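Two chains, each in its own frame: build the complex with the hints.
In order, the protein sequences belong to chains Y and V.
Take any residue in the first sequence, note its place counting from 1, add 785, and you have its number in this note's numbering.
Take any residue in the second sequence, note its place counting from 1, add 56, and you have its number in this note's numbering.
Hint data in this document are derived by calculation from the structure and do not stem from the laboratory.
Be aware that one or more of the hints could be misleading.
The list that follows gives simulated cross-link-like pairs (lysine-lysine, BS3-like), each with its CA atoms no further than 25 angstroms apart [said to hold, decoys possible]: (1) Y/K834 / Y/K815; (2) Y/K1038 / V/K506; (3) Y/K1038 / V/K490; (4) Y/K1155 / V/K506; (5) Y/K806 / Y/K1155; (6) Y/K1079 / V/K205; (7) V/K170 / Y/K917; (8) V/K508 / V/K385; (9) Y/K865 / V/K401; (10) V/K385 / Y/K997; (11) V/K490 / Y/K1214; (12) V/K205 / Y/K1214; (13) Y/K865 / V/K205; (14) V/K205 / Y/K1120; (15) V/K170 / Y/K1182; (16) V/K195 / Y/K1079; (17) Y/K1214 / V/K385; (18) V/K508 / Y/K1214; (19) Y/K834 / Y/K806; (20) Y/K1155 / V/K75; (21) Y/K1120 / Y/K1038.
Computed from a predicted structure; not experimentally measured.
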Amino acid sequence: MRTIFAALFLSSALLGQQDIKTYTLANGMKVIVQEDHGVPNVAMYFFYKIGSRNEHPGATGVSHFFEHMMFNGAKKYGPKEFDRVMEKNGGGNNAYTSNDVTVYTDWFPTSALELMFDMEADRIRDLAFDPKMIESERGVVYSERRSSVDNSNGGMLSELAEATAFEAHPYHWPVLGWPSDIESWTMEDLKNHWSMGYAPNNCVMVIVGDVKFDQVLELSKKYLEPIPRREPPPPVRTKEPEQMGERRVTLSKPALLPIQIFLYHVPNAKDPDTRVLDVVSTLLSSGQSSRLYKRLVDSQLALSAGGYSGDAFDPTLFQVYIQPRTGVDPAATEKALFDELTRLQTETVPEAELRKAKNQMLASLYRRLKTIAGRADLLGTYEVFRGDYSRLFTEDKEIEAVTAADIQRVAQKYFTARNRTVATLIPEKPEVKQ
Amino acid sequence: MKRLLMALVLCASLNAQVKLPPYTREVLPNGTVVYMMQRTGLPLVSFRVLVKGGTESDPVALPGLASVTAELLRRGTAQHTAAQFSEEIDGLGGTFGAGPNDQATTINAEFLSKDFDRGLALVADAVLHPTFPDEEVRKTVARRVDGLKSTKDSPGAAINSYYRTFFFGGGHPYGRVPDEASYDRIRRDNIADYHKSMYVGRNLVVIVAGDFDPAKAKARVTETFGAAPAGNAYPFVADAPVPKNNAPRVLLVDKPDATQTYFVIAQPGVRRSTPDRVPLTLVNTLFGGRFTSMINDALRITSGLTYGASSSVQMSRLDGAITINSYTKTDTTAQAIDLALQVLKNLTDKGISADQLASVKAYVKGFYPTNTVETADQIASVLGEMEIFGLGRDEVDQFFTRVDAVTLDQANAVARKYYRSDNLTFVLLGNAAKIRDVAKKYGPQLIERKAKDPGWASM
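If we strip away everything but chain V, and leave its shape as in the complex, we get (with noise of 0.2 angstroms):
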């Protein structure tokens, strides 16, 4: 009796769909789109800027650029040296960072309300008026290739890189990750260059969420940002293809230090965008995506192969990857990396149940509130993401819906369609000499490399 009444309470609850808060948005004269989110109980302002782009639009020779160029934002503007920039972020509490993801460059601040005038007028000029000192230029780069080496003693760490060049390779964005030479080869003329191009008001995203007064924020927003040069928008290509395997390949890193063999088993997903976005986020989270997921059952809790086994799908503004990870002691490497594959034969043969799906939606619907609407700065990232994917605010005032109308069926089927069994991509970091045997059998032809040298996947 108590169970019946209890399960008629959670319907009703989750059920009650999660919605977005009115917001504004608004494209000024030089094509700067600007979204304006007020909510009021913290006095916090949160400043969301988006350049197009990302580590896409890194040239094939330099990749790095994106993630440099914002990096020193900050190192020097018209108004501020570094030192005094970082005086006046820091003097007023405020929070400044800048960074690319695969398609976008989001440079992310926050200020108390009272501080709203400084705080904008620091994003701005960090934005859109940096200078680029040739020490400073220096200093990031330098820094930035021994940070590849603080990587590289980091297994956890390293992996992904590992993967991803060899995933993708370097002819496609998503395998051009920065190593020692494509650092070396940035020079302050490609910063300016590339800060000239992208940095423009076709190809900005504004996002102002908290607490402050609307009217005047937007008199700021369009004397500051509104002022850019309009240049472009980025000219995103249309379309570049996932490499396809035709046979298992298999990576193999050597850390000859290395107690555990840390693991990633890639194939080819989906982009940000599909239709399938929905039940493709059931069945991985279901798959990999949370504590008793198939994967960490079957690694962490029955055999206790490993502290943590996860899979996840990238979500990216072009096909990715979906992926598998974990890790475990180097005698265990076969024996992990095979049950894993026996979980994922085990998702596509025998497909998930309706008590599976029925308890990953109500998982999946639980934790959306605190994940996507909690705070300002939360709603503030899923504008921006809403922005840079092309999707409508059905995607979060729809979400609860879409979830409940999966079916078992659509959910298999999807299951089916994504996660395949052969010809996958193998990445084993570890001892090699104690599990190189192990990895040759996962793909005849084993590609090896060295965690102490330079770069990553490819030669």
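Bound conformation, chain Y alone (with noise of 0.2 angstroms):
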């Protein structure tokens, strides 16, 4: 072996966690607050745990919807005023909503930090749902899936395979919502969505930046304080059945490259099998020495391919894409892949081979720990999925806990036929379709 790394540590003094404080309200709303004067700025992230899970058939991407509708005018700051007032200050956001969680992301200058709780209190509170907003909005999503699924070829093929590898649990429908339900969604929907899950007890808010910790505490306690605490959302009931048998599907549409996509079924953000897949997933398409990019891109057997796993409340998938070369069989694309996965199960992973994947996490989990907006958005996302939000100080000893028998055993376990889904898209010809 030509080059020899040595291992990479994290240590908490770095990541500057001494200055981490959190508080949680009276009304259970969790505060996580870390100062930072590099810029005379503040990352104000709130991680509501409502996402699509929550959701039923009739109703699919409402969560994504209401969103959108937090946009778009309170009891005090009416329709438009968020984001001018906002914009009007220094201040931008942004928002996303996943399979699990509806997270609002503001950036502004210091200076805007109590308007901010008071625009946020606002909406929480007593967010208004104006007949002709929720109309204008929903042509706002609409296009918004016609950008992402429609017209997109990968979107479209991960919103058909992910149905299809789960048959029972809500991570059965998209995020976005199916069409016909984001042409009915009705104001009762928005209104049973923000009673279900907008409530502070379930929601954790996040400051970085150029602020003091007895500031926000006094701010938290004025403005968000106040708002009651209520039932947080009934639990999910539904668990996905195990799967008996491998699932294909296949799309035609008219496209110039196919693409495939293949899933497997793997456990929830807290199982430490989830830490060991972070592993796998890095040495299958992380960096140009991964062995996915070797075998698949190197070879001129696809134009791009990578595997990856997100953490997630429930029971999740293990996801790998590959966009086949021109004139290349799809089947051998997926033979490459169904190789390498065998390797992992047959081989023991080299020990330099395995500390490079380590090092790559670790570097990685560094860089996104640059700037306020990534930090803030760690902290929280650790809060919520992993627990508690001090494991982000951790992560470098669970990841260098996991072994090369682990990743061997785990790969055994999930990278089975029995367990995997297989969608691929077949280009047809666009004559064909008008």
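Here's what the structure looks like:
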């Protein structure tokens, strides 16, 4: 071996763990604060533990639609005001919805801190549901779906693949919602969603930046604490039954290149095997020295290839995405992938390669800590998905603990044919369709 | 009362000018310009190497040459095979990326501070001593051709290349976008020759930013980049005028399965060094550069016609374009484009208000710190821009002052000067059978292409 890599270790001192303080308001909202005076700005993130898994058929996508409606007026700040006032005060925002969570992200100069508390409290407590805004926002969301699903080959195939892998659990339906549901959401759906999930005790607020903890605490007590505690969303009862055999599904549409998606059922974020799968996905697809890059991309079989598993509240999927090259039979890329997964099951990963993957993961985590926005996102994500933000500071030890034997065991457990869904986009000639 | 207090606090804070941290600039004997900017805190170091020229330096017949050369830097060097190079980068947990913009190729890498020497050696090896093995050249070019297919399967990505080739045309460097045929013409010799003449001392800028030991860094950079042949700086052309339309021009790209129409509306703009850059940045942010912008308010927030509508001002070395970008479902194509044109006309006819100007000043200043000086690699990027465009550190240090100094008259003069609603260039990508008549409305002489065919707008 030409190259020897030393192990990287994150130190909690360097990560600034000592600057983090937390507090739980009387109404149950958890507040996580990290002071950082590097730039005169603040990242303020709200993680609501509600997403498309809390929906029901007929109103799929309503979590995401609700996310949009949170910008369309409340009691004190009416339609359009949230964004207008925020931008006028030097700030901006965004939000995202996933299967599990809805997250609101505000970035602003320190001078706007109290204003942001006022505006966030206003919309959490007193969101208005203006029928006119609902109709125009419905068009916006449908356009979002048209862009990311209907006119995106990867998006369309991914939706089909996940709906095939999950038959019973709510991860079956897309976060954006089925088209007919987008057309049919009612004001009542929105109101029900609000009363189910937007309780302060179902939310974690993370603030990173040019603030003082005492000041944040004071503003939290003034603006957020008076919002009454409510019942959190009911537990998601449905569990996905064990998959009992390979599922195959195809999508035929005009396209210049095929796409393949391979899905394997894997556990939720808190399961120890999830850390092992994170290492597996790094081995498979991180960097040009990764196994799938070498086997599929460098070998000229595929344009791109990669696998990953994300953190989820409920058992989720390990996903592999491959775009075969022109003239390559998708059966050939499929075989190459299965060979690589079999290799993980039958051969021990060499120590140097395992070291490399762990270094990549730690360095990549490190990079996400460079900005106040990156840290706000990580702290909230660890708090919500791993149960405690401080897990971020033991992540190095958790990654370090993964052994070659763990990888082999986990590969044998999950990468089986009966646990697999294979979705393939097969291009049809554009002329055929219309 | 509370509002008044808030306003006072706001003024105090926003007027605190963000400044670049201390840095050094030095020219090595071979002409390489070296910047060093130290910032402790995170044990990371960022290397940013700029090679002047960018896509502008692609030979007329070989669009894509600068880009393919950049991609191949790591795929075989004097010291490493492609596989060894990737093992090294990944093993250190480092990053390495390379690619051109309009006027420079950027090689960007980041390592842990403790790996400074190994990281710099890898970067220098790739930048200065690539070997361009035949096999790697062949594979990269072939992959690029398939990459075009993947792009054409994604209408939101493809429309940009159609717009560039149609608006600027093949006679302008910004209109020469690589396609299947140009990739096919690129040979190993072209790449090696390009590298030999361009990756030379007088044409290089090396920026080291982050947590490192400056004395040691200077020695290492001098040993590596200082040893490159001096060569000659790339002779940029003095000017290349943007083609002017005598009448509106329309390109319609057919993608029969599209359920929405993607569109770009373009007109001539400015260059990065324009003295109007600060007022123009403010005006464009108001017009189409933030969520509550005029164009997003009209097309998204008020009417629900789209998920997003924006405008951008190209800030390159030569004069570029001002573009409006959006998309809408097929049967509201005319409605969305008409509305975009109406908003454009309103800007030129009515201008902006004092309230709007105050709002956008606060917005632009509010985001400036996190966009510009929060991380060492952001600062490296700013230093590189200053060098490439011949700007001084006052570009950052005086930015707030210059924003504050823009008057309503100046802003409105800039709005009238650059945003015109006549003789525009339109590019529509969607289901041609359903939107052909709509497209004709905007210009009688329609040019048509098919998204499944090779090439972009030019024949």
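Okay, the hints, checked on the actual structure:
1. Y/K834 / Y/K815: Holds, because 12 angstroms separates the two Cα atoms, which is no more than 25 angstroms.
2. Y/K1038 / V/K506: Measuring from Cα to Cα gives roughly 16 angstroms; hence the hint holds.
3. Y/K1038 / V/K490: Holds - the C-alpha atoms of V/K490 and Y/K1038 are around 19 angstroms apart, at most 25 angstroms.
4. Y/K1155 / V/K506: Distance of about 44 angstroms is beyond 25 angstroms: violated.
5. Y/K806 / Y/K1155: 19 angstroms, holds
6. Y/K1079 / V/K205: Cα-Cα ~22 angstroms, so holds.
7. V/K170 / Y/K917: Violated: V/K170 and Y/K917 sit about 58 angstroms apart, past 25 angstroms.
8. V/K508 / V/K385: OK: V/K508 and V/K385 at ~21 angstroms, within 25 angstroms.
9. Y/K865 / V/K401: 23 angstroms, holds
10. V/K385 / Y/K997: 47 angstroms, violated
11. V/K490 / Y/K1214: At roughly 19 angstroms apart (the allowed maximum being 25 angstroms), Y/K1214 and V/K490 satisfy the hint.
12. V/K205 / Y/K1214: Given pair V/K205, Y/K1214 holds - Cα atoms ~14 angstroms apart, limit 25 angstroms.
13. Y/K865 / V/K205: Answer violated: Y/K865 to V/K205 is near 40 angstroms, above 25 angstroms.
14. V/K205 / Y/K1120: Judged against 25 angstroms, a Cα distance of about 23 angstroms means the pair holds.
15. V/K170 / Y/K1182: Roughly 20 angstroms separates the two Cα atoms, so the pair holds.
16. V/K195 / Y/K1079: 13 angstroms, holds
17. Y/K1214 / V/K385: 23 angstroms, holds
18. V/K508 / Y/K1214: Holds - the C-alpha atoms of Y/K1214 and V/K508 are around 9 angstroms apart, at most 25 angstroms.
19. Y/K834 / Y/K806: Status holds; Cα separation ~21 angstroms.
20. Y/K1155 / V/K75: 19 angstroms, holds
21. Y/K1120 / Y/K1038: 23 angstroms, holds
Of the hints listed earlier, those the structure fails to meet are numbers 4, 7, 10 and 13, in rising order.
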